[in-house]
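Asks: The hints should help you fit chain A onto chain S, whose structure is shown.
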Amino acid sequence: MKEGYKLIYQKPKTLREKRMHYCPGCFHATTHKLMMEVVEELGIQEKIIGVCPVGCSVFAYDYMDVDMQEAAHGRAAAVATGIKRMHPDKIVFSYQGDGDLAAIGIAETIHACNRGENFTFIFINNGIYGMTGGQMAPTTLEGQKTTTSPYGRDPKKAGLPLKMCEIVSQFDSVAYVERVSCNTPANARKAKRAIKKAFEYQMQGLGSTFIEVASNCPSGWKCTPEESLEWLKEKAFPYFPLGVFKKPEEV
Amino acid sequence: MPAKGYVEISVEGCKGCGLCVINCPTDCLALKTSETNSYGLHYAYMTDEDNCIACQNCAVICPDAAITVYKKAS
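Residue numbers (my numbering), protein chains in the order written: chain S, 165 to 415; chain A, 71 to 144.
The following block holds chain S by itself, in its conformation from the complex (with noise of 0.2 Å):
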């Protein structure tokens, strides 16, 4: 540090030094960031235990610094349901993209959020199956190519993206719904303040909540991460509108 200086900004300590295998732009580190930013200031890192999907964040548990647990595909709702039962006092999270949440475990969501179990959801809507190759995903956008839809996603074939925020914010038992992004330094702040709500609010048991995080994914999409900030820009936000979906009332 030059003298004269402080220092105002550094990486969370509760993220470890490994080298994320993300690829570059991806939002995945952005949120792990964010999260262990979260973490590190309410100072919770003994206090909270994640749940690890399958998919591109399966090494999760390699680059956050706190308890985590490696769940089968689509089952890290069922799994941090057994969690927060058997630990009532620690706060729990699944972290879980889109494919493992939307598409094979949307019946672990659905029924978990439904039951208001006490924990917080971290979705990654990043559209497309990144690790597998890039896939058609229950939320990939109408007219979207990928590699198993090549001429762009036809509704008629395959229906239209699933909104997830908009489906659970229907259930009484949930306490907190928001969608939000990582696309803009405004937004990724935004994005903490969420994530931050989310964890205080399962601290003072309301129920499940609930956090969509808008991402990209530049390698699945074809593009440079500055195209696919364009991209969301253009074409993800008309139909995934960022914004809270539900909150507790008293606040």
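The set of hints was computed from the structure by calculation and includes no laboratory data. In this text, all values refer to a predicted model and were calculated from it rather than measured experimentally. Watch out, some of these pointers could steer you wrong.
As the list claims (entries may be wrong) - Derived DSS-like pairs (lysine-lysine); straight-line CA-CA distance at most 25 Å:
#1 K354/S with K177/S
#2 K386/S with K327/S
#3 K102/A with K141/A
#4 K74/A with K175/S
#5 K254/S with K360/S
#6 K309/S with K320/S
#7 K74/A with K166/S
#8 K175/S with K142/A
#9 K386/S with K102/A
#10 K182/S with K102/A
#11 K411/S with K354/S
#12 K166/S with K142/A
#13 K175/S with K141/A
#14 K386/S with K321/S
#15 K327/S with K361/S
#16 K254/S with K102/A
#17 K166/S with K102/A
#18 K142/A with K177/S
#19 K354/S with K175/S
Replies: Only chain A this time, still in chain S's reference frame:
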């Protein structure tokens, strides 16, 4: 008068996505196109330290937390 600061970017931690470069309000970051780190990636570096206003935008948007921000103590 805006605050003064500077950033340190980890050469090996940077993956060259360029998100910091496009989000810098004073355009004082760039990708080193002539050199790569050991992973073969063009890393970001600071071009003009005088213009940095220590806004932390680059550090907040950096996916790999490769950026450390320092601000001049007032």
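Asks: Each of the hints needs a verdict: does it hold here or not?
Replies: Tested hints:
1. K354/S with K177/S: Judged against 25 Å, a Cα distance of about 21 Å means the pair holds.
2. K386/S with K327/S: 23 Å, holds
3. K102/A with K141/A: 24 Å, holds
4. K74/A with K175/S: With a Cα-Cα distance of about 20 Å, the restraint between K74/A and K175/S holds, given a limit of 25 Å.
5. K254/S with K360/S: Holds, because 15 Å separates the two Cα atoms, which is no more than 25 Å.
6. K309/S with K320/S: 15 Å, holds
7. K74/A with K166/S: 12 Å, holds
8. K175/S with K142/A: The given pair, whose Cα atoms are some 19 Å apart, holds under the 25 Å limit.
9. K386/S with K102/A: Distance ~23 Å between K386/S and K102/A Cα, so the pair holds.
10. K182/S with K102/A: 23 Å, holds
11. K411/S with K354/S: Holds, because 15 Å separates the two Cα atoms, which is no more than 25 Å.
12. K166/S with K142/A: 9 Å, holds
13. K175/S with K141/A: 16 Å, holds
14. K386/S with K321/S: Measuring from Cα to Cα gives roughly 23 Å; hence the hint holds.
15. K327/S with K361/S: 22 Å, holds
16. K254/S with K102/A: At roughly 45 Å apart (the allowed maximum being 25 Å), K102/A and K254/S break the hint.
17. K166/S with K102/A: 23 Å, holds
18. K142/A with K177/S: This hinted pair holds, its Cα atoms lying about 23 Å apart.
19. K354/S with K175/S: 18 Å, holds
Checked against the numbered hints above, the structure breaks only hint 16 and satisfies the rest.
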